[in-house]
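**Student:** Chain by chain, the residues run as shown.
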Amino acid sequence: MKKAFTLLAAFAVLALGVPQTASAETLRVGMECTYAPFNFKNANGELDGYDVDVAKGVAEIIGADLEFVCQQWDGMIPALLANKFDLVVASMSITDSRLKKMDFSQPYRISVGRLVGKKNAGLNLFDDAGKPIAANFAGVKVGLERASTYASWFEAVLPDAEVALYDDNESLYLDLVNGRTDIIMTNPMKAYLRFLSKDDGAGFEFVSPQVDERKFFGIGVGIGLRQGNDALKGRLNGALKTLTEDGSLEKYALKYFPFAIHNEKWIPVQ
Amino acid sequence: MIPKVLDMSDSDQTNIIQLEHVDKFFGAFQALKNISLSVKKGERIVVCGPSGSGKSTLIRCINRLEEHDNGKIVVNGHELTSAVKDIDAVRSEVGMVFQSFNLFPHLTIIKNLMLAPRLVRKASKSEAYDTAMRYLERVKIPEQADKYPSQLSGGQQQRVAIARALCMNPLIMLFDEPTSALDPEMISEVLDVMIDLAREGMTMIVVSHEMGFARKVADLVVFMDQGEIVESNPPEEFFDNPRNERTKLFLSQILSH
Amino acid sequence: MSFDFALIVDSIPKILTGIGLTFQLLFLSAVLGLALAIILLLMRISGRWYLVAPTMVYIYIFRGTPILVQIFIIYYGLPQLEFVRDSIFWPILREAFGCAIVALTLNTGAYVSEILRGGVLGVDRGLKEAGAALGLSARHRFIYVTAPIAIRLCLPAYSNDVISLMKSTALASTITLLDMMGIARTIVAETYAPYEIFISVMVVYLILTWIIQRGFGWMEKRMSRHVRSEA
Ligand SMILES: Nc1ncnc2c1ncn2[C@@H]1O[C@H](COP(=O)(O)OP(=O)(O)OP(=O)(O)O)[C@@H](O)[C@H]1O
Ligand SMILES: [Mg+2]
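Going down the list, the sequences are from chains A, B and C. Just so we're on the same page, our numbering is the position in the first sequence counted from 1, plus 165. Just so we're on the same page, our numbering is the position in the second sequence counted from 1, plus 708. Just so we're on the same page, our numbering is the position in the third sequence counted from 1, plus 2.
Bound conformation, chain A alone (with noise of 0.2 Å):
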């Protein structure tokens, strides 16, 4: 493990070219190095991912190296707490029950929801502006899942719609394959690993853009930090929003979906 993680900061450090200051800071950044494609070690054992790219491309523009630590997911918060790393890049929705106990950079990844269906099914669900045509629903039939956030969206926005609820994710591909359901609604990113990225998924696309409504899905995921680093906290988002408007956020995703999954416009939430 040990080793891993020099090699791992000697590849940090080379990818960073050479450092501009020779005793710059260094930031310990935790995550669970088992969650892909956000942070995972890839086929040669190195730390790869969306969330470890933008801990990289952060670190470049603050001019910090860093170091990587590996942690449980239920023992994140606490390692953070305690010192055992600075920062948490580790896809961590930002909550208020979080927010209590720790502090937030701005998202650079966004909750959202997005529907599924058939391809060239000609649904037009959506008005240009974003916003669901709630008349051509009608007749529309969608899977959900039970208590999720999509389910309380469409209770909201949409409680004439003919909903069906099912346990799990996967259950829900399965029966909007077997013509069950003509829709359903879930994590864009779920839904292309899981789904429309493999065979089962060849016939389907998304049937809308993403649905960004904080309300029920959340802010995002930031970069958690201790409480009281507000200095650090403004660097962090300093190089964010240099991250998303250089492209750079676009890019990262791209390596792993065929869409970005940021807020393309810098639009601080808190």
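A few of these clues could be false.
As the list claims (entries may be wrong) - Derived Cβ-Cβ restraints for the label pairs, each shown as a range:
(1) C:L70 <-> A:K420: 40 to 46 Å
(2) A:A201 <-> C:V11: 44 to 50 Å
(3) B:D731 <-> C:R50: 23 to 29 Å
(4) C:G128 <-> B:N742: 25 to 31 Å
(5) A:K380 <-> C:I213: 21 to 27 Å
(6) C:V11 <-> A:D411: 54 to 60 Å
What the hints assert, rightly or not - A few chain A residues facing chain C, derived, Cβ under 10 Å:
(7) G308
(8) S313
(9) A316
(10) D325
(11) A329
(12) Y331
(13) S336
(14) L339
(15) D340
(16) K406
Don't read these hints as lab results, they were simulated from the structure. None of these values were measured; they are calculated from a predicted model. A virtual CB, placed ideally from N, CA and C, is assigned to each residue, including glycine.
Starting from the known structure of chain A, arrange chains B and C with the ligands on it as the hints suggest.
**Tutor:** Quick look at chains B and C with the ligands alone, frame taken from chain A:
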């Protein structure tokens, strides 16, 4: 005394029941061995013999509740074979009374009597009702018409069973030990009905050990043992002058109590 | 553990909004299942091997496997087959409700046909012979003698099967249906209060069981009013 049918041997007198060399097997066990028996219209036959001798099997073959394996059985002109198209039609001409009454427990007495005439004879409801009441009166229990079988005594139930069979207007009546499940005080009420029936000229085959009854009504008493007819004679002859040793032994046993 | 009685009071009316669906599932599959059971019974007692053998296999399979597996096979498995999706049955199998009815019917049909067979075999042979001796045809014997007596004999076992069918309807919630159980599970997923909600739903099912038992008890009494000492 009831006038007995004379044993007329003129060949044009047709037999209403005719058994020729009948064998019946249950698996490897032979219950009937080479049985031959003719019954003319109006004749009364009493069959007796020790338990397991094949008496029930014999009369059950006559309405094909059992199928015989060899030989020939002709009932009212129909030979009973597996090819016989309408065994139900033959059965409807042959009434049967069982040792255990076998009344339909879910139907009232009157409905027990009306069921077969309605379904088989296609009688109208009122016709079937009238017939049923007439026979209930004959067996002297019209007042029980609306009760269920379980509410009647054994003797009453057996009389209902006889009336039920008579409602079909049968040519032949078969009785399989009709009184042996009854308490002694009820036996005579059933036998009286049967004696009445004999007096009216009904063709009857009765499996019974009621020797008084046999003496009174039988034209012929048939003694069976181990699946064979051992001896058959008119009652006087049969009781007073039995020839076979097995008959003698049997008679000594049943007359001793 | 703190127990939230207010939540129970709150959730029971919500759960009861699913009772209509529970009743529909119970009633339809009980009626169709009984019809199926009668057909299976007639095949089973026909004495013809080509009718008896498939019936026995069918009954063995449906009594020998969990009903949840049967529901999943019908709901998730069958639509994988192209010809099923093209068949005239697809409009039924497309709907979760249709699948639940089909699964419950096929399952209860297998059990009930065995119960009926027990009843038919329990009818005294002498009564069937008495019918035969009167000249009743086999069909008439069955309809007027064997069946009515067999029904009385079966009723207690049948009422148990209806209760088990009622409980099985809860499994329909696993294939998206919002019967009482489906609603209860959704409330649990929203409130994270499994004890309160599932206890509420338990109470409702217990009341239904009680009603069914009483109903059949009443029927048994009525049917055997005059049959006191049936041997
Ligand atoms: N269905 C059957 N299967 C096998 N064996 C049978 C069957 N019915 C009768 N038997 C046998 O055939 C023999 C004759 O039986 P049957 O009932 O005709 O005797 P029975 O003379 O009427 O006797 P009982 O006076 O006891 O009524 C008996 O040994 C009996 O065990
Ligand atoms: Mg006998």
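**Student:** Now tell me if each hint is right for this structure.
**Tutor:** Here is how each hint holds up against the structure:
1. C:L70 <-> A:K420: 40 to 46 Å: Holds: the Cβ-Cβ distance is about 42 Å, inside 40 to 46 Å.
2. A:A201 <-> C:V11: 44 to 50 Å: 46 Å, holds
3. B:D731 <-> C:R50: 23 to 29 Å: 28 Å, holds
4. C:G128 <-> B:N742: 25 to 31 Å: 29 Å, holds
5. A:K380 <-> C:I213: 21 to 27 Å: 44 Å, violated
6. C:V11 <-> A:D411: 54 to 60 Å: 58 Å, holds
7. G308: Holds: closest Cβ of chain C sits about 8 Å from G308 of chain A, inside 10 Å.
8. S313: This interface hint holds because 8 Å falls under the 10 Å limit.
9. A316: 8 Å, holds
10. D325: Because about 16 Å separates D325 of chain A from the closest Cβ in chain C, which is outside the 10 Å limit, the hint is violated.
11. A329: 4 Å, holds
12. Y331: 6 Å, holds
13. S336: Status holds, d = 8 Å.
14. L339: 6 Å, holds
15. D340: It holds, given that the least Cβ distance between D340 of chain A and chain C is near 8 Å, below 10 Å.
16. K406: 37 Å, violated
Going down the numbered hints, you'll see the structure goes against 5, 10, 16, while the others check out.
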